[in-house]
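Protein chains: 2
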Amino acid sequence: MGGDNAPESVILGAEMALMRYPGLRFVLFGNRFVLEPLLQEVKLVKAACEIVHTEVAIAGDDKPSHAVRRGRNSSMWLAISSVKEGKACAIVSAGNTGALMAMSKLILRTLPGISRPAIAALLPTMRGECVMLDLGANVESDEHDLYKFAIMGDAFARAVLGMNRPRVGLLNVGSEELKGREEVKAAHALLKNSNMDINYHGFIEGNDITGGAVDVVVTDGFTGNVALKTAEGAARLIRTYLKDAFKSSPVSQVGALFATGALKAVKEKLDDRKRNGAMFLGLNGIAVKSHGGADAFSFCNAIGVAVELVEHNINTRIMQDIKLSQAPQIIALDAIEGEAD
Amino acid sequence: MGGDNAPESVILGAEMALMRYPGLRFVLFGNRFVLEPLLQEVKLVKAACEIVHTEVAIAGDDKPSHAVRRGRNSSMWLAISSVKEGKACAIVSAGNTGALMAMSKLILRTLPGISRPAIAALLPTMRGECVMLDLGANVESDEHDLYKFAIMGDAFARAVLGMNRPRVGLLNVGSEELKGREEVKAAHALLKNSNMDINYHGFIEGNDITGGAVDVVVTDGFTGNVALKTAEGAARLIRTYLKDAFKSSPVSQVGALFATGALKAVKEKLDDRKRNGAMFLGLNGIAVKSHGGADAFSFCNAIGVAVELVEHNINTRIMQDIKLSQAPQIIALDAIEGEAD
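Same order as they appear, the protein sequences are chains A and B.
Mapped onto this note's numbering, the consecutive letters of the first sequence carry residue numbers 77 to 417.
Mapped onto this note's numbering, the consecutive letters of the second sequence carry residue numbers 77 to 417.
Check each hint, because a few of them may be wrong.
DEER-style ranges, computed between Cβ atoms [to be verified]:
(1) A:K350 <-> B:L254: 24 to 34 Å
(2) A:N269 <-> B:E259: 47 to 57 Å
(3) A:S324 <-> B:A265: 53 to 63 Å
(4) B:A265 <-> A:L120: 33 to 43 Å
(5) A:A123 <-> B:D347: 52 to 62 Å
(6) B:A265 <-> A:E387: 21 to 31 Å
(7) B:P188 <-> A:G238: 38 to 48 Å
(8) A:P98 <-> B:D347: 50 to 60 Å
Calculated lysine to aspartate or glutamate pairs in the EDC-like style (CA-CA distance at most 20 Å, straight line) [unchecked claim]:
(9) A:K343 <-> B:D320
(10) A:K345 <-> B:E126
(11) B:K340 <-> A:E219
(12) B:K160 <-> B:E126
(13) A:K323 <-> B:E126
(14) A:K350 <-> A:E219
(15) A:K399 <-> A:E219
(16) B:K345 <-> A:E308
(17) B:K255 <-> A:D218
(18) A:K340 <-> B:D320
(19) B:K343 <-> A:E308
(20) A:K343 <-> B:E126
With the Cβ distance kept under 10 Å, some of the chain B side facing chain A (calculated, not the full set) [said to hold, decoys possible]:
(21) P140
(22) G238
(23) R241
(24) A311
(25) S325
(26) S328
(27) Q329
(28) L333
(29) K340
Hints were generated in silico from the structure; no laboratory data involved.
Cβ atoms here follow ideal geometry from the backbone N, Cα and C, with glycine treated the same way.
All chains should be modelled from the sequences, with the hints used to inform the complete structure.
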């Protein structure tokens, strides 16, 4: 029931997802009297879903704390609980981000060794795509959080982008070791000296994100959220400039006509709908957040992200890596103690 | 002597600036044997400058601490000192940013009431331009720093953009009062309850920067630096997409031909050279940093920023505002003490 175009775009997106992944099955959480008429239009979903009825839905502007206290019978709460209870492999929602994160943390809990989950999503780059996290699950992160974001982002890139040894970069204000916030410098030291098999590239700067310097961009949720939205704003400004310029004279209008294909290709490359689906990484269950304004195509892609993460056992990978990341430190400590004997 | 194309672009930029502002006079700090032959080519500068000779120049990759210790005879140090000594109204440099900031702080000192200077620059928006600060002078800022950045940014917008009551926004991850970092929420409270004549808009998000929601964007230097560079990276990615797309087919190439004017107009709007010249705000003297890669046109614009700031007495405005911002707090305190008697 969440998102600007719900439940229509959710159900139509599920129909598209069933064409792509015929083996899927859905549990739809929401108002039966709204959902059932819509299901008449979508044969695949109708044959592959069950409805769990509830009349309570979290609104887009509900405060997370309020949603958590009052929303125990909501479609969002019940959907997340179905993952906890093993009735579903993943939840996908286009609803209130803050409420979804608060409820997911409460119901699913974090993975062993993870204290703060992170929001991860894909961004376009000169070389293809990269994963960036955290995009706003937290407003502050210390070096240990950032180190774990790196491990989770690495697992995400391997699972969703099919990469072998993704290059991991730490977002900073300069590439020199002396520059930057204390926690960023400390995370740099952790990553550089890590015994993990992380392909750590070092510091990157804002322009390196879309420049494609790395496959995984690690940052705190405040900086990540601002950077992502600033990039979206810059893209929107340029689109507006282009539109205005192509309308400005008859010659330009002819140009736009001949350039239709080219402009369409650019639009497609920048199409956020293709990259819809941000994962809440670090939770004991798979929760994918679709953009609130998602249409059916966009929501279908968010379902696709959930499918990839389930199929590639993202959480098993993360847990193995987190365990590994903790192990070498203990061994190193033993060796030092051994010398002292 | 600073910057990738120095001293040629500096001298040619000065020549262009003299066409725009015929009353200017320059003191050129650098190697006389390099500068003098170049001056033969620029009649206006030659007639309106003196040279202070030094053979020491700060390199682009010198560490600021090293530059400060070892660079006392450098062109950068001597140029900043000339402002301190009142021999020049402002310094403009395309050299090493960190070194320029460290030396400027040491030589010029901060204005009364300001503990941290900030780097401010102009960005393009849907409505025209906005001022954003801090772009990297500091990596951390508390609420009082942010509050003073707002006051300084307001003065900058009035001086350089000629605005009457610029709208001031605080960069955050959401527009709700509950969201964001502690220091950002505290700065919000300071600005909301300020007795100053600041046209405070409230929180803005990353996409609002180029969206033109406000005229002054206030943020800490870490976030500001990342956001600015991320926006630059996004613009570069789109330019690459466009170039590739227009080359992709004969029809698109024809389109590009007809669209030459339109594409040129967009390129011009996005031209960073027009907005070259970042001010180090909060120092007891005017220091303007040109982009390191500046060409003559770009460097001329950085000189233009310095001229505007001198002509509009930016520092007098800031000092008056900082005094005002401190005054009401003292009065309020007196009233409370009075009641207690």
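Now for the hints, and whether the structure bears them out:
At roughly 33 Å, the beta carbons of A:K350 and B:L254 sit within the given window of 24 to 34 Å. In this structure, A:N269 and B:E259 break the distance hint of 47 to 57 Å, their C-beta atoms being roughly 30 Å apart. About 45 Å separates the C-beta atoms of A:S324 and B:A265, a value inconsistent with the hinted range of 53 to 63 Å. Taking 33 to 43 Å as the suggested C-beta distance range, the pair B:A265 and A:L120 does not conform, at roughly 53 Å.
Range check, A:A123 to B:D347: about 57 Å between beta-carbon atoms, so the 52 to 62 Å window is met. Between B:A265 and A:E387 the CB atoms are about 48 Å apart, so this pair departs from the stated range of 21 to 31 Å. Checked against the given bound of 38 to 48 Å, the beta carbons of B:P188 and A:G238, roughly 59 Å apart, lie outside it. Roughly 51 Å separates the CB atoms of A:P98 and B:D347, a value that falls within the hinted 50 to 60 Å.
For a cut-off of 20 Å, the pair hint linking A:K343 to B:D320 stands: about 13 Å separates their Cα positions. Our distance criterion of 20 Å between C-alpha atoms is broken by A:K345 and B:E126, whose separation comes to about 53 Å. At roughly 45 Å between alpha-carbon atoms, B:K340 and A:E219 are farther apart than 20 Å, so this suggested pair is violated. About 18 Å separates the Cα atoms of B:K160 and B:E126, which keeps this hinted pair within 20 Å; it holds.
Taking the CA atoms of A:K323 and B:E126, the gap is near 50 Å; set against the 20 Å cutoff, the hint is violated. With a C-alpha separation of about 32 Å, the suggested pair A:K350 and A:E219 falls outside the 20 Å cut-off, and the hint is violated. Of the supplied pair hints, the one linking A:K399 and A:E219 holds, its CA atoms being roughly 17 Å apart against a limit of 20 Å. Proximity of B:K345 to A:E308 is assessed by CA-CA distance (about 18 Å); at most 20 Å being required, the pair is judged to hold.
Between B:K255 and A:D218 the alpha-carbon distance is near 19 Å, which keeps this suggested pair within the 20 Å criterion. Proximity of A:K340 to B:D320 is assessed by CA-CA distance (about 12 Å); at most 20 Å being required, the pair is judged to hold. Note on B:K343 and A:E308: the hinted pairing holds, with a Cα-Cα distance of about 19 Å set against a maximum of 20 Å. With a C-alpha separation of about 53 Å, the suggested pair A:K343 and B:E126 falls outside the 20 Å cut-off, and the hint is violated.
Annotation: interface hint on B:P140 holds; nearest CB of chain A at approximately 9 Å, less than 10 Å. The criterion of a C-beta within 10 Å of any C-beta in chain A is not met by B:G238, whose closest approach is roughly 22 Å, and the hint is violated. A distance limit of 10 Å between C-beta atoms decides the matter here; for B:R241 the minimum to chain A is near 24 Å, and the interface restraint is violated. Below 10 Å, beta-carbon pairs count as interface contacts, and B:A311 has one with chain A at about 6 Å; its hint therefore holds.
At a threshold of 10 Å, the smallest CB-CB gap from B:S325 to chain A is about 6 Å, leaving the interface hint in force. Annotation: B:S328 was flagged as interfacial toward chain A, and the flag holds, the nearest CB pair being 4 Å apart, inside 10 Å. Because the closest C-beta pair between B:Q329 and chain A is about 9 Å apart, less than 10 Å, the hint holds. Interface hint at B:L333: satisfied, since its Cβ lies 7 Å from the closest Cβ of chain A, which is below the 10 Å cut-off.
Restraint check, B:K340 versus chain A: the minimum CB separation of about 8 Å is within 10 Å; hint holds.
Hint check: violations occur at hints 2, 3, 4, 6, 7, 10, 11, 13, 14, 20, 22 and 23; the rest are consistent with the structure.
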